[in-house]
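Asks: As they're listed, the protein sequences go chains A and P. Following my numbering, the numbering of the first sequence begins with 1 at its first residue and continues without gaps. Following my numbering, the numbering of the second sequence begins with 1 at its first residue and continues without gaps.
Worth double-checking, as some hints may not be accurate.
As the list claims (entries may be wrong) - From chain P, some residues computed to sit far from chain A (all C-beta separations above 10 angstroms): (1) Arg3; (2) Ala28; (3) Gln29; (4) Ala38; (5) Ala42; (6) Lys68; (7) Pro71; (8) Ala95; (9) Gly97; (10) Ala114; (11) Leu119; (12) Lys120; (13) Gln121.
What the hints assert, rightly or not - Coverage of chain A stretches by chain P, computed from C-beta distances (three or more under 8 angstroms per stretch; other residues unrestricted): (14) 292–306; (15) 315–321.
No lab work stands behind these hints, which were simulated from the structure alone. Fair warning: this is a prediction, and the values are worked out from it, not measured in the lab. Note that beta-carbon positions come from the ideal geometry of N, C-alpha and C, so glycine has one too.
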Amino acid sequence: MNETRDAICPTPAPLPQDEARRHQVLLDLNLLDTTPSEAFDRITRMATYLFKVPIALVSLIDTERQWFKSRIGITLDETPRSVSFCAHAILQDDVMVVRDACSDPRFADYPMVRGEAAVRFYAGTPIAAGDGMRIGTLCIIDKVPREFSDAERAMLRDLAGMVAGEIAALELRAAFERERRGANTLRTLLEHLPDGVLLLDATGQILSCNPAAERMFGAPCTELATHSSATLINMAPHVVLRHEGNARRIDGSSFPAEISIAEMTLDGHVQLVATVRDVASLRAERERVRAANRRRHEYFRTASHELRTPMASILGFSELLLKREFDAATGRELIDIIHRQATRLIGLVNQMLDLARIEAGGADQLHPAPLDLADMIGKVTSALGDDAQAGRIALRLAPGLKPVMADAVRVQQALGNIVSNALSYSAQDSAVDVNIVLQERDGQAGATVRVRDEGVGMTPEQRKRVYDAFWRASALPDVPGNGLGMTIVREIVMAHGGVIEIASAPGDGTEVALWLPMHAAADAGATI
Amino acid sequence: MQRILVVDDQADLRLLIRLSLRALGEVAQAANAEAALAQLAACKPDLLILDVWLGEGMSGLALCRQLKDDPALAGMKIMLLSACGQQSDIAAGLAAGADAYVVKPFSPESLYDAAAALLKQ
Numbered sequence: 001m002n003e004t005r006d007a008i009c010p011t012p013a014p015l016p017q018d019e020a021r022r023h024q025v026l027l028d029l030n031l032l033d034t035t036p037s038e039a040f041d042r043i044t045r046m047a048t049y050l051f052k053v054p055i056a057l058v059s060l061i062d063t064e065r066q067w068f069k070s071r072i073g074i075t076l077d078e079t080p081r082s083v084s085f086c087a088h089a090i091l092q093d094d095v096m097v098v099r100d101a102c103s104d105p106r107f108a109d110y111p112m113v114r115g116e117a118a119v120r121f122y123a124g125t126p127i128a129a130g131d132g133m134r135i136g137t138l139c140i141i142d143k144v145p146r147e148f149s150d151a152e153r154a155m156l157r158d159l160a161g162m163v164a165g166e167i168a169a170l171e172l173r174a175a176f177e178r179e180r181r182g183a184n185t186l187r188t189l190l191e192h193l194p195d196g197v198l199l200l201d202a203t204g205q206i207l208s209c210n211p212a213a214e215r216m217f218g219a220p221c222t223e224l225a226t227h228s229s230a231t232l233i234n235m236a237p238h239v240v241l242r243h244e245g246n247a248r249r250i251d252g253s254s255f256p257a258e259i260s261i262a263e264m265t266l267d268g269h270v271q272l273v274a275t276v277r278d279v280a281s282l283r284a285e286r287e288r289v290r291a292a293n294r295r296r297h298e299y300f301r302t303a304s305h306e307l308r309t310p311m312a313s314i315l316g317f318s319e320l321l322l323k324r325e326f327d328a329a330t331g332r333e334l335i336d337i338i339h340r341q342a343t344r345l346i347g348l349v350n351q352m353l354d355l356a357r358i359e360a361g362g363a364d365q366l367h368p369a370p371l372d373l374a375d376m377i378g379k380v381t382s383a384l385g386d387d388a389q390a391g392r393i394a395l396r397l398a399p400g401l402k403p404v405m406a407d408a409v410r411v412q413q414a415l416g417n418i419v420s421n422a423l424s425y426s427a428q429d430s431a432v433d434v435n436i437v438l439q440e441r442d443g444q445a446g447a448t449v450r451v452r453d454e455g456v457g458m459t460p461e462q463r464k465r466v467y468d469a470f471w472r473a474s475a476l477p478d479v480p481g482n483g484l485g486m487t488i489v490r491e492i493v494m495a496h497g498g499v500i501e502i503a504s505a506p507g508d509g510t511e512v513a514l515w516l517p518m519h520a521a522a523d524a525g526a527t528i
Numbered sequence: 001m002q003r004i005l006v007v008d009d010q011a012d013l014r015l016l017i018r019l020s021l022r023a024l025g026e027v028a029q030a031a032n033a034e035a036a037l038a039q040l041a042a043c044k045p046d047l048l049i050l051d052v053w054l055g056e057g058m059s060g061l062a063l064c065r066q067l068k069d070d071p072a073l074a075g076m077k078i079m080l081l082s083a084c085g086q087q088s089d090i091a092a093g094l095a096a097g098a099d100a101y102v103v104k105p106f107s108p109e110s111l112y113d114a115a116a117a118l119l120k121q
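Bound conformation, chain A alone (with noise of 0.2 angstroms):
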């Protein structure tokens, strides 16, 4: 097999005609380049038994090279295609026999004849695959001449043809895998849809069901199939894209659904195929949208309200000072209220974008740094600009307090509104008390601020009205304020991450709690 004489050279087989095709019929088998199985194995210690020869192969030529399936006789994997046998072989219908190598012009330079291997006698038959694509041979190999009767011939024949019978028998299997990866896959897809899926035949009787459909409806298969499927989806079944209804589990109560039901043949029966999703969460959630749509209408509503009222007197006054006339005291009393109310109506307007900005921004537009609650309170107070009213205010700190994480001038917008309504809406000579202490909330550090009037309370009804943008405790129609107070404290505690819970009793004052986490929280600014 080691070459030297360099003046040699051989000559390779032509291609077969197909070769490309031929080729990858190969590649398709996976066989290339495999162990060695003891299926081709005993075929070719077969051939070594009865046609007494040293060698025998299964041999599959690939581009570049022959690779043996399986050897008896030699240890080489594989051999250049060039100087190949059987590439030869491959391109006859029927047996080739090469009986002396070397009076072959063809054969009588490749180095398994010239070399160590010293071959001589050659008889090989193609292996067909696939659709005839003679993909290799069985070959015989001796090292001396020799004749190859008729009988002979037939014998290789017929191993080869157990050869090709090994093949064929791979490419089943794997065809057989193939197919039932195919359905494996399509069974898994089907156990795990979350639609319920029924088979049902052409009358409408419940042939088999996945899972989903099983939990949906609340009974195995074997048992749906004993209900009609009218009643469990709730329609008579009949083609349909889209159809949304309830539909019925077997222990009658209902469920939103939204049904779908195709025709199909199988095995030339014709069946339906429904689908059935529950839509519940789906409708909840529409309904949520809803509600939230509402809740904007509304807000958009009652804006309107709100600015319109301060406007119908600026509008109302300034239009009555432009076309009558009234002494100097009328009319500055009047000039005195446009001011007010524009006073009031460009304080609505901040008021509006400011809860729009927290609203939209959530945790996003907070600043927030280490704060001392106790230091905001002196803020607060000192801000009041009232000595009296500051007055009134009692602080009690907890010992051991720390800083709380939060956004200052959000935190003493909050804090001020609170305090504000606390003093308001309670006796001009009582007192506030506003009590700071460390609290953990949800395993969460935290610091509580409780702001306690002793004021005029709410009533249950108006308690949960408190966060309603522009609702106002009209109890005292002489506070000042537009009803935004609240509900923009409410959002800048939200998105803290913080809480805010309100106790008040008519006559018993009314206790604000406002609880800020020490760290900023990791997921802020859920809004109600």
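Keeping the supplied structure of chain A fixed, place chain P upon it in accordance with the hints.
Replies: Quick look at chain P alone, frame taken from chain A:
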């Protein structure tokens, strides 16, 4: 001298209406439904100007319905006044028996014209 009663929870608005309608007659006022009912029991006006939103307590719409059903107040015109000016709001007001529905803000002159027209009927 014709008599007009203005029911609105806002003092500024009551003053505005009083100044606007001064030339039509005597303008009395009430800040809520209860005060209005007390005045109506004492003396029936020719025209009642009623704000739809009266703060807490009875709404202007409910009061309007009640007064229209009261035989003792037959012939009294009711003008509803509101900052809610959508078609549905106006329809609800007229359905409650109002003879007119005026949307805030309004021009004092047009309020005068509308009130004068009702008083002439």
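Asks: Confirm or reject each hint.
Replies: A quick look at each hint next to the structure:
| no. | hint | verdict |
| --- | --- | --- |
| 1 | Arg3 | 22 angstroms, holds |
| 2 | Ala28 | 19 angstroms, holds |
| 3 | Gln29 | 15 angstroms, holds |
| 4 | Ala38 | 18 angstroms, holds |
| 5 | Ala42 | 24 angstroms, holds |
| 6 | Lys68 | 24 angstroms, holds |
| 7 | Pro71 | 33 angstroms, holds |
| 8 | Ala95 | 18 angstroms, holds |
| 9 | Gly97 | 22 angstroms, holds |
| 10 | Ala114 | 14 angstroms, holds |
| 11 | Leu119 | 20 angstroms, holds |
| 12 | Lys120 | 22 angstroms, holds |
| 13 | Gln121 | 24 angstroms, holds |
| 14 | 292–306 | holds (count 4) |
| 15 | 315–321 | holds (count 5) |
Figure legend: structure checked against the earlier numbered hints; every hint is met.
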